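There are 4 protein chains.
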Amino acid sequence: MAGNSFGTLFRITTFGESHGEALGGIIDGCLPGIELDFEKIQYEMSRRKPGQSAIVTQRKENDEVQFLSGIFEGKTTGTPIGFIIPNTNQKSEDYSHIKDNYRPSHADYVYEKKYGIRDYRGGGRSSARETASRVVGGAIAKQMLPEIKINAFVSSVGDIFIDKPYQDLDFSKIESNPVRCPDEKSAAKMEAYIKEIRKQGDTIGGTVTCVIQNVPVGLGEPVFDKLHAELGKAMLSINAVKGFEYGSGFCGAKMKGSEHNDLHNTDGTTQSNLSGGIQGGISNGMDIYFRVAFKPVATIMQEQETLDNQGNIVAMQGKGRHDPCVVPRAVPIVEAMAAMVLADYFLLNKIY
Amino acid sequence: MAGNSFGTLFRITTFGESHGEALGGIIDGCLPGIELDFEKIQYEMSRRKPGQSAIVTQRKENDEVQFLSGIFEGKTTGTPIGFIIPNTNQKSEDYSHIKDNYRPSHADYVYEKKYGIRDYRGGGRSSARETASRVVGGAIAKQMLPEIKINAFVSSVGDIFIDKPYQDLDFSKIESNPVRCPDEKSAAKMEAYIKEIRKQGDTIGGTVTCVIQNVPVGLGEPVFDKLHAELGKAMLSINAVKGFEYGSGFCGAKMKGSEHNDLHNTDGTTQSNLSGGIQGGISNGMDIYFRVAFKPVATIMQEQETLDNQGNIVAMQGKGRHDPCVVPRAVPIVEAMAAMVLADYFLLNKIY
Amino acid sequence: MAGNSFGTLFRITTFGESHGEALGGIIDGCLPGIELDFEKIQYEMSRRKPGQSAIVTQRKENDEVQFLSGIFEGKTTGTPIGFIIPNTNQKSEDYSHIKDNYRPSHADYVYEKKYGIRDYRGGGRSSARETASRVVGGAIAKQMLPEIKINAFVSSVGDIFIDKPYQDLDFSKIESNPVRCPDEKSAAKMEAYIKEIRKQGDTIGGTVTCVIQNVPVGLGEPVFDKLHAELGKAMLSINAVKGFEYGSGFCGAKMKGSEHNDLHNTDGTTQSNLSGGIQGGISNGMDIYFRVAFKPVATIMQEQETLDNQGNIVAMQGKGRHDPCVVPRAVPIVEAMAAMVLADYFLLNKIY
Amino acid sequence: MAGNSFGTLFRITTFGESHGEALGGIIDGCLPGIELDFEKIQYEMSRRKPGQSAIVTQRKENDEVQFLSGIFEGKTTGTPIGFIIPNTNQKSEDYSHIKDNYRPSHADYVYEKKYGIRDYRGGGRSSARETASRVVGGAIAKQMLPEIKINAFVSSVGDIFIDKPYQDLDFSKIESNPVRCPDEKSAAKMEAYIKEIRKQGDTIGGTVTCVIQNVPVGLGEPVFDKLHAELGKAMLSINAVKGFEYGSGFCGAKMKGSEHNDLHNTDGTTQSNLSGGIQGGISNGMDIYFRVAFKPVATIMQEQETLDNQGNIVAMQGKGRHDPCVVPRAVPIVEAMAAMVLADYFLLNKIY
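Residue numbers (this note's numbering), protein chains in the order written: chain D, 685 to 1036; chain U, 685 to 1036; chain X, 685 to 1036; chain W, 685 to 1036.
No lab work stands behind these hints, which were simulated from the structure alone. Just so it is clear, the structure is predicted and the values come from calculations on it, not from any experiment. You may find that some hints are simply not true.
Intra- or inter-copy, both count: the list cannot distinguish identical chains.
DSS-like, lysine-lysine: derived pairs with alpha carbons at most 30 Å apart [unchecked claim]:
1) 857 to 833
2) 759 to 1003
3) 869 to 783
4) 797 to 783
Required output: the full structure, derived from the provided sequences and hints.
Okay, here's the thing in structure tokens:
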């Protein structure tokens, strides 16, 4: 456990700082013979990249993936897939305002204390830019599992939330608005609210809901590597995530057993699905759904008190990229992590 | 990842079914030279065991741990600690009502589909009885980390919750009532409510809050093995858990950056602690706190429709042990998993 | 990597000291639905146990395995198989001659330096008694892979060696003599020689050859987890092993490519098999064969100079059990480790 | 265990085919604050690269390493070190003679059977070119452990071997001849012999001996992850390796205990060192030494019978790069793997 790998048989290892030469990674264990659709991979990258709409950071990143191995004549070969994502225009930036300061609610302080050294260019390794590599892994995992449907969407921004069950939503509308909220009314409110937040130089948190459909029975490894435990770890490893719940989640903690139990139909499906598609850590064939909480981005365009490395509190003004709400861009990352978890269990439980 | 191990350098592997000969496990990686207090270990067992109070299951289990290795003249030797917990009085029970039925919201159905065979005596491996082995591991982890304070308590049962921040609670009162709620008023309400639920033959969910104090800066392995990601996985691997949040959690998703950021003091501590003691996946020295959601126990003492293995829906009446609210007994399990996660990172990050 | 587990998907974790309460282990990942033949398991134990013949140690050990979980109505259930092997008559022994001494070429010195504490009863954890647990794991792995034939035998003792290729040997004769050498002439010589060594109060090394037949094409995970690399690690983890070679081995280092290359037949088999059934780390369907070197047992019944824990050199006389040649008893251990390696790759490469 | 990673806390993952865009890897877990000497890294690369002398393959490879992350202002930061080694002039080669053929004693056949697809450009992933990435990892591991001395050298080529103990050799002469043999007389004979082999269009095997000095007591994790077991696996994972022995090795199997035991001195060192610096899987502070057997390279410049993918035996003439003896170039690879094993145990056993 050196920290930069995820998964057992479908395994991604990532590298890269926000302002170094390049990000990248290695995907080890992808099944051979998969004809990759590179446009789909690049499409997922475009969903994550900054600058894609008026409500996210305007930092320009091209995020073009270059594959270096593991693919021959368009198909995966079963050998590790190495890839890089060059950092194109980050190098000339000015970090003088960060260099000696530990920005509040960033990882600057703990990195310096832990490692005794800090790459102060942007967030370095702790930057969410690292997730670009995850999106590559997820895009390939999705193509390894074409029958599985994974749909994530923004379910709340601040206090604005979709007040419908996911079954009443049309997932084809997720990409129809910059918020990635399939409920158009909520989407409009969220978009307006994010714009207001941006004007204030502030940021706002939100939640992403993810629904995984068409999952076979039997994925999951009790007792410690339960399917939802691994999904939870995957989500909690994404920058800014503060919470994870699946099925009934925290609401389930308020319920009675007589209300919560999912009665079976004769075909093994269940009438309700408060379990969230997983029993005892093993998929039961029903929809898996979960919700992920994102805190607001720590970098705000307001003056804040900040500790410097001399032990002084100084005033620091946020500069550069302002990402008022990271949640729309987190949607493809949530999907990517979910896809990689599923790919891993497909291999572990040999359902392929 | 065969499923029954947790941790990298401090690593527990467990075995055992609810009604087999014995449960047990192996703790690999405990530091040598630790003088074990066996009464403390047995005390943790007694906190988890059934039959300890009027509001939990009356099943009788002695849960006496027998250590078989790794300890010499009362001290750990650095070699693996093997232990067993004999199942004393489970064997004579009658399982005829379970044998051919897939109980709703239990793992019966998925185990049979996944493995093609099911140990129908009680929940078999999926029974929460497995967590007894975890409590042993946690009790030893706690003794390996004497300076760390880990306190979990029941923070809600159904709709009843403690409406104070944890800083206003007196942890020494946790064990003063059978609910393990340090707020006496809330505790009384919860206890009364659980008794009512028990009369109804029903069950109720709840939440456990855990606070970890005196943690050094630097525990955690970005980017995938963030400290809170591993804590989350640990908690989600406990039976009946549906959600995990740390620091501001799901509330944080409603907040603005200007509200959420934890400003530093000159000594590196922070004025607020919405981060929950972890930045970028690394402990920052502040209190770590998190909340875990437990669904209601699936076994209720009411008649329920149940699928049998012939594809028929039959009426099944709950029998035997009725555990109206598992949450008080979950408190030591939450602590145990937290202690083992911390022990693992202490070794990984060589803070000992 | 806490040290006491082996394998990824078929995974054994062992515990136990030579003179503690019990040895034991957990086998995690065995396929469900395997009808275990317990007599076969006990038979493998009897092949390893001391006191089985005139040429091995006369220490009495019953080595009866007690299974505690993972088996229901005689079949594996897919859940972890916990087992113990009680230490029956070791407790009353006298260790006063060992307690303060670091026996030459034993692990006494390094254990005390590494852990700061030593269980001086016998070899503690470093005793070869630990391999009893491996034999249990191997016996189960063998039953999981009934089609695979694994035959190990003693190929040399001291300077006496079988001067025939394994193809000319009748494996059914391995158990016909106490040396476990299928070549009767060599066996007689070896037996006589070991008896002579015993009289001298000395010990002697030897080699075990192992042949694995009926292996499918495709087992192995390049580039680091090559099949022979894992086999090598498995063998080198056995007490007293000093070397491992497969196929042409060290002889291959003297050969020319034109001699060494294995030319194909039209069905993919090869005319020669200097490769030893593995190409590029992947099984090619031909026989896998390898050879393992065991040094002589360090405990001799002669006076030797020994370091004590006060830094003095003292004379120490070997006492108690004298095992003049451990190699015959190593045969089932080599088979057990080989079986577990194969079981792991069968699961990893889903050939089942 | 997806196959392309090695190590637990100091962990390398590699990617790349012999004729793809680039090779590369990620080194995860290197200590922070290490001031890297890039010339030393490139020097190790030059020791491995083809075309370095008259006795190795004349294939031209520049093997220039480009670091992409994990290093800031010349120092390691504790974050993963990503690197690539572009394949510069491999792309224009002609593979028509390989494309449909399974070369004898190459991995062509097993890769195609295992994965159902084969990258036929050179050996693809099974090419020894992959070891270039390992040399990068080893060069960094060496710099993380400046006090440890690792010296590997060619100890035999065919039947020519150094007939002295390593203690009588001057390691500073290893690089004084193209064979990397510190014994000048043997070196001259070996060189002449390799030239003769080259003229014949043939290849020859050999052995590499490696000596590790200045190792602290206490590295190693019994019982499965013994230090020599991991070293053995590391060596056996190198292309063309057929055997590994440490300390007395296979010779030890011919010895008596009274000859083999290493008697202690009063300071804990031993008078002899047949144990090879490791007792019970744990380093004892004495020199660690081991020997690795390499078979002859399979590609010969002679006509050979070959199986094609239609099931026909055809005549195939070796073409292109002829590497008559790979052993001199294997020296830095052996050192690199040894350095990474040691780095891993330094972190696991926190000796830093």
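Which earlier hints can't be squared with this structure?
3
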